[in-house]
Amino acid sequence: MGAPGPEGAAGVPPAIEIRGLVKDFAVGLRGLRLRAVDHVSLTVRPGEVFGLLGPNGSGKSTTIKLLLGLLEPTAGGCAIFGVPSGRVEARRDVGYLPEAPNFYRFLTGRELVTFYGRLCGLAGSGLRSKLEEVVALVGLAGAADRRVGTYSKGMLQRIGLAQALVHDPRLLILDEPTAGVDPVGSAEMAELILALKARGKTVLITSHLLGQIEELCDRVAILDRGGLVAEGEVAELAGATGRLSFETEVLPPEEIAALRAWLESRGRRLEAVAPARRRLEEVFRTHVGRGPRDTEGGR
Amino acid sequence: MNAVRFSALRAWLIAGNTLREASRQRFFQFLLLLALALTLGARWLRDFNFGAPELKFLADCGFGAMAFLGAALTIAATAQLFFSEVENRTALTLLAKPVWRAEFVLGKLLGVAALSAVFCALLTGLLSLTLAWREAELSRLLPDAVAPGGGVSHAMVALGGLMQWLRLLVLAAFTLLVATFAQSQLFSVVTGFLILVVCHLQHLAQDAYARAGSAAGLIASSLISSVFPDFQVFQLADSLAAADLPATGDVLRVIVYALSYAAAAAGLAVVSFRRREI
Ligand SMILES: Nc1ncnc2c1ncn2[C@@H]1O[C@H](COP(=O)(O)OP(=O)(O)O)[C@@H](O)[C@H]1O
Ligand SMILES: [Mg+2]
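Chains A and B supply the protein sequences, listed in that same order. The opening residue of the first sequence carries number 1 in this note's numbering; numbering runs sequentially from there. The opening residue of the second sequence carries number 1 in this note's numbering; numbering runs sequentially from there.
In case anyone wonders, no lab produced these hints; they're calculated from the structure. Virtual Cβ for every residue (Gly too), placed ideally from N, Cα, C. There's no promise every hint is true.
Stated by the list, open to error - If the Cβ cut is set under 10 Å, some of the chain A residues that face chain B in the computed set are: (1) 20; (2) 94; (3) 96; (4) 242; (5) 246.
Unchecked claim - Covered stretches of chain A (in silico footprint by chain B; criterion: 3 or more residues with CB under 8 Å from a CB of chain B, positions within the stretch not fixed): (6) 86 to 93; (7) 113 to 123.
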């Protein structure tokens, strides 16, 4: 993986480089194989938020596990900041939040983050201040002394993020961080990710909920059945369609007719008139309070 | 880019977390209480006073509880604590940190070793107290029954406890080796018990084949005995008399024997776990 990526010219290795990655799983008794990742090549530049999108089973989590050296690739390879995955050094600068995370139920939130911090080489007052910082950052300060076994799904995602951030890694890999989390929680997660980006972190995030990702990511890649089907800037992929839409206050029918006539007089057509609706998610977010809710142990 | 070296500290941290998990589990607390109750309760199992043989009986009960429940505890704990990481997917987060897989495997082994050390130490301590108390009582009731020189040697009791722990350490290492390639916890537990039986009985098989003079049997049994340790060697402290204390050299030889088997099994476990897909 020594070959320089697009950023190689400046001497800065890409945050993530995936080259021709293939992963087959043996399924069934007769040596039947399932190709979960099919010749994927990707580059994530330092400092960007990169979205890995795709339906369930498209190979997003498998790609991440290969990247972290938790699985062995069938072919191809990947590297993190230029260090090949599979080497312990590659994981030094990475924080990982697994899909539907699960943590030691018998520890409290604070004990959990302390344990991971120690594993990453933190100790003493450095560890203590980092611990308080990340626990506060994810909004769990009020619940940090409760057993992880009593946490809700959203709280598990938050403590998972705290654990991923404790050693201040340059790269964060978040596998479906908003799956099973309510809209307010997901909006907070999105804000957190943007705050991390502002601090110069690189973020790889996967999701099958496209709407949430769109506002967050600089670039995205779309996987389908293990293969890469699209990759590029969000603005480029999901951007301008070459069409225009208007939004105004409610107009009486005769004014709409006049508008239509005016357009037609210039050889244009008014193609759609519809009342603008609020999305249910906005309604939910305006009515449900923000801030720590399930985190304080009771409402 | 400086390398991340193998760190005993990280293995130790993982061991500490493993021990903490075990100590917060009801099943292991129950096994410990049961063993303590058996050790203490042996005093009331027989309702007669007959001096030194009674003390030996108490010691046999205590060590019996330690051997049997200790093996159950060790096998169950090794398999459970390993598979809880894999099945609850906590191994995913752990191994995504800059942690060597060898540190994970050794951490698990150290954690279980610490658990069985606590188990053996508590039981040995209680047994020593029970024996001292009963010895004092007996020498008051039947001054002649406890012959001079036939008194309890607490060094001997401690040595017995150490032998029990060494045996559990080897058992833990073998069970962990199985767990690193097994797909299920049940398989590891069952195989762990089979290994226990083989380790206990292999010397019998060897004797039997030697007597029968069957060459094929002899080859098979010596193959088995070169792979599996002989748990008979841990019967070093089968008496309570200070006069029977084995020579230091013999004790050291058994310690080295146990540690070499544990290290070999742990080494194989590290190799087998290195490629496991998490
Ligand atoms: N350990 C495994 N053994 C066999 N098949 C697997 C394993 N892990 C994932 N798969 C299969 O690989 C495909 C991709 O899975 P995954 O990467 O989890 O998808 P996604 O995260 O995009 O939902 C799926 O078809 C899944 O069933
Ligand atoms: Mg997934």
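Structure-based check of all given hints:
Interface restraint check for residue 20 of chain A: the shortest CB-CB distance to chain B comes to about 20 Å, outside 10 Å, so the restraint is violated. Among the interface hints, the one on residue 94 of chain A holds; its C-beta lies about 7 Å from the nearest C-beta in chain B, closer than the 10 Å criterion. Interface hint at residue 96 of chain A: satisfied, since its Cβ lies 4 Å from the closest Cβ of chain B, which is below the 10 Å cut-off. Because the beta carbon of residue 242 of chain A sits about 44 Å from the nearest beta carbon in chain B, more than 10 Å, this interface hint is broken.
With a cut of 10 Å, the hint placing residue 246 of chain A at the interface with chain B is violated, because the nearest CB-to-CB distance is about 49 Å. Coverage of a stretch by a chain is defined here by at least three residues with a beta carbon nearer than 8 Å to that chain's beta carbons; for the stretch 86 to 93 of chain A and chain B the count is 4, and the condition holds. Given a C-beta distance limit of less than 8 Å, the hint that chain B covers the stretch 113 to 123 of chain A holds, as 6 residues qualify and 3 suffice.
Figure legend: structure checked against the earlier numbered hints; hints not met, in rising order: 1, 4 and 5.
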